[in-house]
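**Student:** Protein chains in written order, with the numbering used here: chain A, -15 to 184; chain B, 95 to 340.
These are computed hints drawn from the structure, not numbers from a lab.
Just so you know, even glycine gets a beta-carbon here, dropped at the ideal spot from N, CA and C.
Be aware that a few hints might be false.
Claimed, not checked - Facing chain A, according to a computed beta carbon distance under 7 Å, are these residues of chain B, among others:
id, residue
1, Thr153
2, Asp156
3, Glu186
4, Ile194
5, Ala198
6, Ile199
7, Asp214
8, Phe218
9, Ser225
10, Glu330
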Amino acid sequence: MSPPDPRKALEALASEHGLPILRFLRDRDWTLASQVSEALGIHTTTASKHLTAFYDAGFLARREHPARRPTHAYRLKSPVIRLEFDLAERVESSDAVALGAAFFEALMEALEHVGGARLTGDLVTRALGGGDWRPALGARLSAIDDPRAAFLSLIGDTRQSLANLVGHATADRLVRMAMERAAEGRADLVAAIGLPEAMP
Amino acid sequence: MIVRPGTERLVAPRTPTGIEGFDRLVQGGFPRGSVNLIAGPAGSGKTLFAIQFAHNGATLFDEPAAYLALEESRDSVDRVMAGFGMDLKGLEEAGKFFLIDLGAIRAGSSRDGVAVGLRDLEDFLRSCIASTQIRRLVVDSVSAIALHYRSPADLREEMFAFTRFLRDTGVTSLLITEAPEGGRLTRFGVEQFLADSFLHLALEDVKGELRRTLTVRKMRFTKHDTGKHPVHVTREGLVVSEERVT
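Given the sequences, and given the hints that come with them, work out the whole structure.
**Tutor:** Here it is, written out as structure tokens:
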């Protein structure tokens, strides 16, 4: 399902019938547009448009009316309604893998300067289970449906694995260095994936 | 130094350096688990002494060692080691020697262009010691860390806490610090008061040639030689001469 369009929800809420409809639904179970229309004295089409907008915004649950198909019945999911807007761009799995590889490569290079092959080997073992880090990293990032969450989880786990080897202060410095390097030339992707939030 | 028969048990357990001629000056080595300071001007042999202490631990005494470089790069230290026939790569692969270049971190980050502080170092060492099981540690150098602090008083306070932490780890440590030529014994004038031992290396002009010397100025729990001894750099590394400089 495509993410809810916040503009429709705001338009419906802003109209003179928006809040009365939601309040009407507050203490009721499954309700038809015609029942809303009758109770509030508005046209059935108006009631139906509002109910559809509130459903699309995620405020209402909907089911087909068993006796009068294709009519829908609605009810509130919760008596408390919160509006949240996710302004982040959608992140593709391939983008997360590319950024993750750039981050890990920069981290390995920095770590090589600090502690040589032993330290990089220890990190790969702890963070990705050992072996060749590239396929392991790709598999890990592709295994989670949400690429953004997968990337941020990789950063968090890598940071902790590194802290176990070199302490938190040094680990944070190294992760920050690697993030800065990985972010070069990828401003849009970095913003979409939320890299600044993950910066230690 | 001669230890009289029957008094050996009074000597605290030692950590031999394996440096020819040195251990006999200090009853067989540094007290185990102690914090030791070596100071000297550039070219006096501090780094080589420290590398040999760590390398000999790993190769001769089955004591894995870590060498923390804060000013020198890994390549630079590796080149010194290779020049004396020491195999860094092999020892690292065997988990016996760990050369860590913490200076690379501040050099590589846009936000960390300042020296690493002692608390950062303590944080690092807690993890490093737990993951590597080292028994010897070199910090090269305290002078680089001291730049992190505004005053000698701040440095002294932080160093006091740091040396206490090092003793608690049980690892035998060797800290390097600079000493200005012909001036104070240590660059900041506080380092020697916080360590269990203090070795001073010097460069002296003798008939137009520089001569290296070593003096053990202080070593707790130890009846140590207090003379000034010539130090020679040979193919195998430093050798401390038995004779005294008069």
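**Student:** State for each hint whether it applies.
**Tutor:** Each hint, compared with the structure:
1. For B:Thr153, the suggested interface contact is broken, since its CB lies about 17 Å from the closest CB of chain A, more than 7 Å.
2. Nearest Cβ of chain A to the Cβ of B:Asp156: about 18 Å, over the 7 Å cut. The hint is violated.
3. At a threshold of 7 Å, the smallest CB-CB gap from B:Glu186 to chain A is about 5 Å, leaving the interface hint in force.
4. This hint holds: B:Ile194 has a C-beta 5 Å from the nearest C-beta of chain A, less than the 7 Å allowed.
5. The criterion of a C-beta within 7 Å of any C-beta in chain A is met by B:Ala198, whose closest approach is roughly 4 Å, and the hint holds.
6. Taking 7 Å as the C-beta cut-off, the interface hint given for B:Ile199 holds, the closest approach to chain A being about 5 Å.
7. Given the 7 Å rule on beta carbons, the hint for B:Asp214 holds: about 4 Å separates it from the nearest Cβ of chain A.
8. With its C-beta approaching chain A no nearer than about 4 Å, B:Phe218 sits inside the 7 Å limit, and its interface hint holds.
9. The beta carbon of B:Ser225 is positioned within 7 Å of a beta carbon in chain A (closest approach about 5 Å), and the interface hint is therefore held.
10. A least Cβ separation of about 24 Å between B:Glu330 and chain A goes past the 7 Å threshold, and the interface hint is therefore violated.
When held up to the earlier numbered hints, the structure conflicts with 1, 2 and 10 and fits the remainder.
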